[in-house]
Amino acid sequence: MIRVELAKLFRRPRTYVIAGLLCGLPLIVAIFLATTKIPPPPGQGGAFLSAVLSNGALYPAAAMALVLPVFLPVSVAVLAGDTVAGEAATGTLRYLLIRPVGRTRLLVAKLLSLIVFVLFAIGAVLVTSYITGLALFGATTSSAGVTLPPDVTSLSGVTISPAGLVLRLLGTVAYIVVSMLGVAAIALFLSTVTDSALGAAMGALAVLVTSQVLVTLDAAAAIRPYLPTRYWLAWIDFFREPVLWRDIERGAGIQLVYLVVLLGAAWANFLTKDVAN
Amino acid sequence: MIKTKDLTKRYGRTTAVDAVDLEVREGDRYGLLGPNGSGKTTLVRMLLGLVFATRGEIEVLGVPVPKRVREVLPSIGAMVEGPGAYPNMSGRTNLALFDAAGPGSMRRDRRRRVDEALERVGLAGIDRRPVRAYSLGMRQRLGLAGALLRKPRLLILDEPTNGLDPRGIHEVRDLLTALNADGTTVFLSSHLLAEIEAFCSRVGVMDRGRLVVQDQLDLLRTPTGRVVVGTPMPDAAVALLDGRVEGRDGDLLTVRHADPGALNTSLVEAGVTVTSMVPERRTLEQVVLDATTGSSDRVEARA
Numbered sequence: 001m002i003r004v005e006l007a008k009l010f011r012r013p014r015t016y017v018i019a020g021l022l023c024g025l026p027l028i029v030a031i032f033l034a035t036t037k038i039p040p041p042p043g044q045g046g047a048f049l050s051a052v053l054s055n056g057a058l059y060p061a062a063a064m065a066l067v068l069p070v071f072l073p074v075s076v077a078v079l080a081g082d083t084v085a086g087e088a089a090t091g092t093l094r095y096l097l098i099r100p101v102g103r104t105r106l107l108v109a110k111l112l113s114l115i116v117f118v119l120f121a122i123g124a125v126l127v128t129s130y131i132t133g134l135a136l137f138g139a140t141t142s143s144a145g146v147t148l149p150p151d152v153t154s155l156s157g158v159t160i161s162p163a164g165l166v167l168r169l170l171g172t173v174a175y176i177v178v179s180m181l182g183v184a185a186i187a188l189f190l191s192t193v194t195d196s197a198l199g200a201a202m203g204a205l206a207v208l209v210t211s212q213v214l215v216t217l218d219a220a221a222a223i224r225p226y227l228p229t230r231y232w233l234a235w236i237d238f239f240r241e242p243v244l245w246r247d248i249e250r251g252a253g254i255q256l257v258y259l260v261v262l263l264g265a266a267w268a269n270f271l272t273k274d275v276a277n
Numbered sequence: 001m002i003k004t005k006d007l008t009k010r011y012g013r014t015t016a017v018d019a020v021d022l023e024v025r026e027g028d029r030y031g032l033l034g035p036n037g038s039g040k041t042t043l044v045r046m047l048l049g050l051v052f053a054t055r056g057e058i059e060v061l062g063v064p065v066p067k068r069v070r071e072v073l074p075s076i077g078a079m080v081e082g083p084g085a086y087p088n089m090s091g092r093t094n095l096a097l098f099d100a101a102g103p104g105s106m107r108r109d110r111r112r113r114v115d116e117a118l119e120r121v122g123l124a125g126i127d128r129r130p131v132r133a134y135s136l137g138m139r140q141r142l143g144l145a146g147a148l149l150r151k152p153r154l155l156i157l158d159e160p161t162n163g164l165d166p167r168g169i170h171e172v173r174d175l176l177t178a179l180n181a182d183g184t185t186v187f188l189s190s191h192l193l194a195e196i197e198a199f200c201s202r203v204g205v206m207d208r209g210r211l212v213v214q215d216q217l218d219l220l221r222t223p224t225g226r227v228v229v230g231t232p233m234p235d236a237a238v239a240l241l242d243g244r245v246e247g248r249d250g251d252l253l254t255v256r257h258a259d260p261g262a263l264n265t266s267l268v269e270a271g272v273t274v275t276s277m278v279p280e281r282r283t284l285e286q287v288v289l290d291a292t293t294g295s296s297d298r299v300e301a302r303a
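Chains as they are written, first to last, in our numbering: chain A, 1 to 277; chain B, 1 to 303.
By construction, these hints were calculated from the structure, which means they are not laboratory data. From a predicted model like this one, the values you see are computed outputs, not experimental measurements. Treat the hints with care, since some could be wrong.
Using 25 Å as the maximum straight-line C-alpha spacing, the simulated SDA-like pairs for lysine to any residue come out as follows [claimed, not checked]: (1) LYS273/A <-> GLU57/B; (2) LYS151/B <-> LEU123/B; (3) LYS273/A <-> ASP18/B; (4) LYS67/B <-> ALA268/A; (5) LYS37/A <-> LEU53/A; (6) LYS67/B <-> ASP274/A; (7) LYS273/A <-> LEU123/B.
Starting from the given sequences, assemble the full structure and let the hints guide the process.
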């Protein structure tokens with residue numbers, strides 16, 4: 001079943017359109033930065049952005065910081081909202097179920113294909129932005145490794161080895177996948193509730209936007225640590241020396257709780273649902 | 001093959017299926033007849049474990065549904081409320097994907113089975129066009145091909161001829177007849193009387209969620225006690241039969257008479273030429289009209 005889901009994912013043109021759009025945003029930003037040479041002041045604007053002018057090798061990290069807050073969650077919400085509701089709308093859900101594909105199995109396959117999509121999208125952004133960074137800003141990497149930018153690290157001028165950089169990037173990817181799974185879980189649950197793929201995606205986005213607004217609101221400080229988007233940017237801590245684990249751990253923990261609760265709800269709902277369309 | 005007991009499905013306050021005792025036997029050509037909204041589709045969905053019953057029991061191929069429905073689904077081919085396919089892929093890819101999605105399908109003969117199924121439903125020549133570009137009739141045929149893919153023992157088809165032209169309907173009927181002759185039990189639902197009458201040996205009639213009639217078609221079509229007589233001398237015949245003629249349509253007379261043979265003899269002895277003599281049987285339409293109360297999609301004003 002998972003092979004079938006992957007076949008469906010990679011046969012659909014929209015998968016590539018979304019990935020292309022995700023890659024396009026960092027490219028546009030890079031072109032502006034490279035032509036004007038006006039970096040955002042350190043500490044403002046996207047993370048890493050002021051640093052990339054001096055070192056293009058850091059651009060993948062900057063690109064992640066660009067796509068993560070809005071673009072990536074929107075695309076995950078759209079795809080996850082489509083999982084069950086979309087199959088119901090094309091009339092294929094009932095034919096999968098009488099094939100028979102177990103309902104649990106179907107949900108698991110859908111979730112796995114979402115993970116594959118997130119990995120694919122992140123991978124595409126990382127690769128294209130690395131190439132963009134090197135081509136437009138040049139690299140100052142030596143065999144000694146990459147110098148972390150001063151606006152991110154508390155200690156400026158710390159150099160990490162290429163192997164260390166790869167490890168930190170892998171950690172970043174893993175963290176972002178977990179964060180996006182939280183988004184996927186919300187949309188997937190809504191997708192089992194409604195028959196409208198658009199409705200499920202909109203519902204998930206409404207949750208995320210609300211969460212983003214509340215995160216910045218001091219009056220909502222009491223619930224802030226439990227908001228799904230609170231620790232989304234905690235992956236930046238992977239690029240500090242030493243790695244600051246506190247927010248990363250909290251962020252991953254919260255996403256796991258959301259995942260377990262929402263996937264459990266999606267599973268329970270789907271398993272007892274009348275498939276009547 | 002299919003047996004339900006007191007099967008009931010309620011959606012809130014509306015009862016979609018109401019205490020249905022369905023029985024489909026091995027080798028049957030069973031036709032479930034009923035107007036739109038009479039609960040046919042909900043019933044079919046419950047048989048396949050898509051919709052869960054509020055009350056009652058279902059047994060399909062000797063196995064309780066929905067509890068162990070996954071054991072029997074591989075030997076059932078089904079089409080429920082129109083075909084479903086991924087619009088951006090070709091019909092062939094669609095069939096292959098559905099085949100790969102479930103258990104018990106051999107990968108090496110998949111291509112052959114897909115080709116055979118397409119051939120059977122008259123789509124052997126389809127190219128790589130996506131299903132999006134198919135006509136309604138082609139989609140219907142594709143859905144049928146999907147149901148036939150694994151040579152099922154039981155076919156459950158909900159409105160299988162929807163969207164087909166008369167020739168297509170005829171082809172599907174021939175196909176189903178051939179499958180039935182090879183031992184496949186066919187259960188189909190339709191709101192078209194003619195379709196059921198032309199194909200089925202056993203008939204069930206649904207009305208507002210209830211199964212109001214279930215019997216062999218030839219038993220349902222009982223003689224009405226009338227004989228349709230064709231004669232070139234209708235006036236003489238009317239004068240002779242005096243009061244027993246209940247209808248007259250040109251040279252055809254509808255005569256109330258229990259015995260066509262005796263009627264023929266008396267007419268001929270009186271010198272009336274008889275060109276045809278057919279004992280009238282109840283039409284299926286009459287059976288349905290007698291058994292049902294009113295059209296379910298009619299909404300009357302409340303008194």
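Evaluated hints:
Pair hint LYS273/A plus GLU57/B holds up; C-alpha atoms about 18 Å apart against a cutoff of 25 Å. The straight-line distance between the Cα atoms of LYS151/B and LEU123/B is roughly 17 Å, inside the 25 Å bound, and the hint therefore holds. Between LYS273/A and ASP18/B, the direct Cα distance comes to roughly 20 Å. Compliance with the 25 Å bound is thereby established for this hinted pair. Distance check on the hinted pair: LYS67/B and ALA268/A sit about 16 Å apart at the alpha-carbon level, within 25 Å; holds.
With a C-alpha separation of about 7 Å, the suggested pair LYS37/A and LEU53/A falls inside the 25 Å cut-off, and the hint holds. A C-alpha spacing of about 14 Å is found between LYS67/B and ASP274/A, which places the hinted pair at or below 25 Å, so the restraint holds. With a CA separation close to 35 Å, the supplied pair LYS273/A and LEU123/B exceeds the 25 Å bound.
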